[in-house]
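S.K.: Sequence order for the protein chains is C and F.
Terminal number for the first sequence in numbering that gives the first Met the number 0: 582, no gaps in between.
Terminal number for the second sequence in numbering that gives the first Met the number 0: 582, no gaps in between.
None of these hints come from the bench; they were simulated from the model.
Take these hints with a grain of salt, some might be off.
[Stated by the list, open to error] The calculated DSSO-like cross-link candidates involving lysine-lysine, where the alpha carbons are at most 27 Å apart (straight line), are:
(1) K320/C x K229/F
(2) K546/C x K519/F
(3) K546/F x K519/C
(4) K316/C x K290/C
(5) K289/F x K131/C
(6) K134/F x K292/C
(7) K484/F x K546/F
(8) K36/F x K4/F
(9) K229/C x K296/F
(10) K185/C x K188/F
(11) K296/F x K62/C
(12) K62/C x K320/F
(13) K296/F x K131/C
(14) K553/C x K519/F
(15) K320/C x K134/F
(16) K289/C x K131/F
(17) K131/F x K314/C
(18) K245/C x K269/C
(19) K519/C x K512/F
(20) K131/C x K320/F
(21) K131/C x K290/F
(22) K292/F x K131/C
Please read all numbers here as calculations on a predicted model, not as lab measurements.
Residues per chain are reported as follows:
There are 2 protein chains.
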Amino acid sequence: MYLEKINGPEDVKVLSREELKLLSGEIRDALMNRLSKRGGHFGPNFGMVEATIALHYVFESPKDKFVFDVSHQSYPHKMLTGRKDAYLYEEHFTDVSGYTNPEESDHDFFNVGHTSTSVSLASGLAKARDLKGDKENIIAILGDGSLSGGEALEGVNFISELESNFILIFNDNDMSIAENHGGLYKNLKELRESNGTCECNIFKAMGLDYVYVDDGNDLEKLIEAFYQVKDIDHPIVVHINTQKGKGYKLAEDNKEQWHWCMPFDVETGKSNFVMEGENYATMTCDFLMKKMKADPKVTTIVAAVPTNIGFTEDKRKEAGKQFVDVGIAEEHAIAFASGIAKNGGKPVFATHSSFMQRTYDQLSQDLCVNGNAATIIVNTASIYGMNDVTHLGIYDIAMMANIPNLVYLAPTNSEEYFAMLDWSIEQNQYPVAIRTPCNGVIHADGLKVDIDYSRLNQYQVNREGSEIAILALGDFYQIGEEVAKAIEEKSGIAPTLINPRYITGLDVELLEKLQANHMKVITLEDGILDGGFGEKIARYFGPTDVKVYNYGLKKEFIDRYVVEDVLKENHLTPEQILEDIGV
Amino acid sequence: MYLEKINGPEDVKVLSREELKLLSGEIRDALMNRLSKRGGHFGPNFGMVEATIALHYVFESPKDKFVFDVSHQSYPHKMLTGRKDAYLYEEHFTDVSGYTNPEESDHDFFNVGHTSTSVSLASGLAKARDLKGDKENIIAILGDGSLSGGEALEGVNFISELESNFILIFNDNDMSIAENHGGLYKNLKELRESNGTCECNIFKAMGLDYVYVDDGNDLEKLIEAFYQVKDIDHPIVVHINTQKGKGYKLAEDNKEQWHWCMPFDVETGKSNFVMEGENYATMTCDFLMKKMKADPKVTTIVAAVPTNIGFTEDKRKEAGKQFVDVGIAEEHAIAFASGIAKNGGKPVFATHSSFMQRTYDQLSQDLCVNGNAATIIVNTASIYGMNDVTHLGIYDIAMMANIPNLVYLAPTNSEEYFAMLDWSIEQNQYPVAIRTPCNGVIHADGLKVDIDYSRLNQYQVNREGSEIAILALGDFYQIGEEVAKAIEEKSGIAPTLINPRYITGLDVELLEKLQANHMKVITLEDGILDGGFGEKIARYFGPTDVKVYNYGLKKEFIDRYVVEDVLKENHLTPEQILEDIGV
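Extracted from the complex, chain C is given alone in its bound form:
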């Protein structure tokens, strides 16, 4: 086995072309080993095996610098840069993250998990190189799906101004996570079909030199192309046509399903993970399908992550023109939704909390300054969401809830979530964002659920008590229930338990009333405390005698955490809270 002996790119360079080909097979075996047992990004890595070998064969990493976009295709790169054990041996699986990571290796330059950033990041490396008078190659590896993102397009437009070495490997597998969207993909198709020769060329139209490699999984051709551009004195695009999922028939045939996988049986491809019971993706899709069928003005919008809200290919087809995947283009998505609302449509845009970060200004300017009644579903906005440092869903309250005019809602159970969603779609007064619960599908179970949320900032008192009031927001409502129970059991005091529902405003009337017979107020929120909901309560009670205890998460970037540990570190167990408040 060659892979076992590779401890760095120098061990790749000594192999013959024949041995490199055998190595590519071994890399795929190692990918299969890890992915079938642990899960991760499948298609992107299987497609990039040959290109990664060729890159390390031709260039001198880490002097020459690779920047992988999203970096979900960087597993082969990791294998060739001293981290092969994390793919070969189960006991080393946790040695590496799913993305490039400078803490793991000098061959990685950035922690990257969001799309469309590689060209701009790499252009900064190139600029610093030029300022210092250095001479290394700077290589950005960008996928076709990522090109539709605003940051990538800004970066591609910019690099021709560098007038120095910059190599953009454009990895075109004719897929985003799902299919691509937008006019430039017609041009990529023309380029592939004309073997890179058609006159109209998106890269040349952005001022760039260009070469095409028709088979991006052909080692010889790639090596030749990379030698051709090595040490070039100006920016150039190397457009390589790769096959996503290459080497595993099931993945080649069903690219969307095999973009990412849970542990699976290699023989059958069947996932070992069985989704049991209800889930919000399917339920949200069913709900929106029903709304769309009842009213042609309802439109569902996603940005390249349709299954996030259950829109698998069949559902997308069924929804027809009322379903729009804008591709990776969240900025466009929010402005588009605002425009739809302005002209009498009923737009619903959904994406992950972490990806919502790409569209702050559009939320503020295009949507909220204009006060248009779009509905935004914020997914995986929770400590219970994705736990990679680049995909954390715990910052959206701080980011979104301080934008004027936005009504941001935090449901505490499934019935409330859908009631809020229904109200939001049908009203035409406010831009509304709703956090999808992330702590499992919990039902109202006797709790009253309103259907009308147009009287803003009216909190719901689910249990009237005294002395201590608990304001438990969204996903942490259930912790609030536990705390209430624990307080009563320990002290005999029956606390007041409140579901605030509205993240974006204070129920001043209720807070004023609480002062009469409550000396302590506890807030709970599933997000960072800085800039969050609890601090607004603390501000309100600042000049009063009421003591306020804010519970939530510390403002920090955390990586691959265990939820229970994070909760404990943030004093979020009932025992800890009782101790803090002196009960």
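Starting from the known structure of chain C, fit chain F onto it as the hints suggest.
M.R.: Frame of chain C, contents of chain F only:
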């Protein structure tokens, strides 16, 4: 005079071609009348006179819908849609804003002031039209400078998917605010020089149909072109080559200077506004020029607003390769800066607080997750900044200060600002943002100014007192001084006066100590209270006996305000504060 009789587009349609030409002269006179007396956007409006007349002549506004990008070129449109008096008569100048505004007219669909949004917003109008089965024309008017922005590129890529009527008027005057930057502008030049015929075409590469109008100030040609595309059944780009500042020689000759103007003498072009004394733009430029000369690794980056930090054309030339204008591309700018820092450069990026909103995710992911030591200067981040609703600078604390790893600094005087800037450029531990003071150039005047800010979150106690502590952040430090003085005068109590300096963290040691002999803490900050600095102090003291009073601005969108009024409405006068805290 024709203009006096125009109360809506119907009054334009009845004019002969000859009369329309006379009208264009009258519109320029009216522009000159308002702009010379009141100031505003000059070049964009003078260049769009003929195109605007032609648009209203050919299309049926407001059934057909125009969406102007940035909308700083919408003055002629306002004149033709019932708002001529605001340009003809001084007593009506305040009737209109400087941007499109749905509250002013049914012919305006969005409050727009940020760049690069028109295509996405208009595509939403088009989508809703299609969902409802309506048939009107949707027309976006986009300038060449705006095309480099990520949202515009996402939008242009998207629209070919509409497969229905969409007209993109691409107003190419070969200028951004300053000169354009990026490779696509080479293609636009080729298109202009080939009369729109060159094969490689950025718009066609994005899947769009395309026509070219060689003289965008020729009424006849424009009318013909617009008739040609009216009621078209698919998206099309009408590329018109206009002259920025057309009709005023000085503006035609010096496009950058005449993008926007203060009141001026029509004869000489000389501004009636004389900048007296020191200003931060010039001082910042001088400081950065010195730093760049001393160290070739220092790079100044701007995004299309170079004079924001004093970089006029001569200074840009002088700085050479160490100065980079990325064009309208803030997302790219921050990632670029992160890359430069990673590879050993010393990047400084500056833009307005309001435009920083376009790059939230890059601040979070590209910069702060990676902890690279870039310096960010945040301009006009203040109630004393720009007062249009689309350009408010009072949200950056809520937006930026809650991002982990970022060190956000608020200087209280000029010496402190430059000391912070100098420290930030030379350190390599943290991403640092600094708010440029906005309440005039105030000097330290005996106050101690540190040179090293590497011990994070250490507040500066400028005056030790008791009972009441005032934490006065950044631009509101001087209000803090006034409040301290007023308290002492009225009650004899000498309060403690603190300059927090760090927006992003708490000086826990100091806050702990304050509790010993302070019962009241006042916070002051020049930004919205929600998500801001004061709430963090309120959270800290929440469980204690210390009373906290947070002062800052209400979370709201305000438009064309008078600073003194806003301060009063937010209880920010010393008298109001004393009354609130019971002194």
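S.K.: Hints first: check each against the structure and report whether it holds.
M.R.: Hints, verified against the model:
This hinted pair checks out: K320/C and K229/F have alpha carbons roughly 24 Å apart, not beyond 27 Å. Simply put, K546/C and K519/F have alpha-carbon atoms about 14 Å apart, close enough for the 27 Å limit, and the pair holds. At most 27 Å may separate the alpha-carbon atoms for a hinted pair to count; K546/F and K519/C meet this at roughly 14 Å. With a CA separation close to 16 Å, the supplied pair K316/C and K290/C stays within the 27 Å bound.
For the hint pairing K289/F with K131/C, the CA-to-CA distance comes to about 18 Å; that is within 27 Å, so the pair holds. A C-alpha spacing of about 22 Å is found between K134/F and K292/C, which places the hinted pair at or below 27 Å, so the restraint holds. A hinted pair counts as satisfied when its Cα atoms are at most 27 Å apart, and K484/F with K546/F qualifies at roughly 20 Å. For a cut-off of 27 Å, the pair hint linking K36/F to K4/F stands: about 23 Å separates their Cα positions.
A distance of roughly 25 Å separates the Cα atoms of K229/C and K296/F; the hinted pair therefore holds under the 27 Å criterion. Distance check on the hinted pair: K185/C and K188/F sit about 24 Å apart at the alpha-carbon level, within 27 Å; holds. The hinted pair formed by K296/F and K62/C meets the criterion: a straight-line CA distance of about 19 Å does not exceed 27 Å. As the CA atoms of K62/C and K320/F are separated by approximately 23 Å, the hinted pair is consistent with the 27 Å bound.
Our distance criterion of 27 Å between C-alpha atoms is met by K296/F and K131/C, whose separation comes to about 6 Å. A hinted pair counts as satisfied when its Cα atoms are at most 27 Å apart, and K553/C with K519/F qualifies at roughly 26 Å. With a C-alpha separation of about 16 Å, the suggested pair K320/C and K134/F falls inside the 27 Å cut-off, and the hint holds. For the given pair, K289/C sits about 18 Å from K131/F by alpha-carbon distance, which is consistent with the 27 Å threshold.
With a CA separation close to 22 Å, the supplied pair K131/F and K314/C stays within the 27 Å bound. Taken as a hint, the K245/C and K269/C pair is honoured in the structure, with Cα atoms around 18 Å apart against an allowance of 27 Å. The suggested pairing of K519/C with K512/F holds, with an alpha-carbon distance near 23 Å, which does not exceed 27 Å. In summary, the hint linking K131/C to K320/F is supported, as the alpha carbons are separated by about 12 Å, within the 27 Å threshold.
Of the supplied pair hints, the one linking K131/C and K290/F holds, its CA atoms being roughly 15 Å apart against a limit of 27 Å. For a cut-off of 27 Å, the pair hint linking K292/F to K131/C stands: about 14 Å separates their Cα positions.
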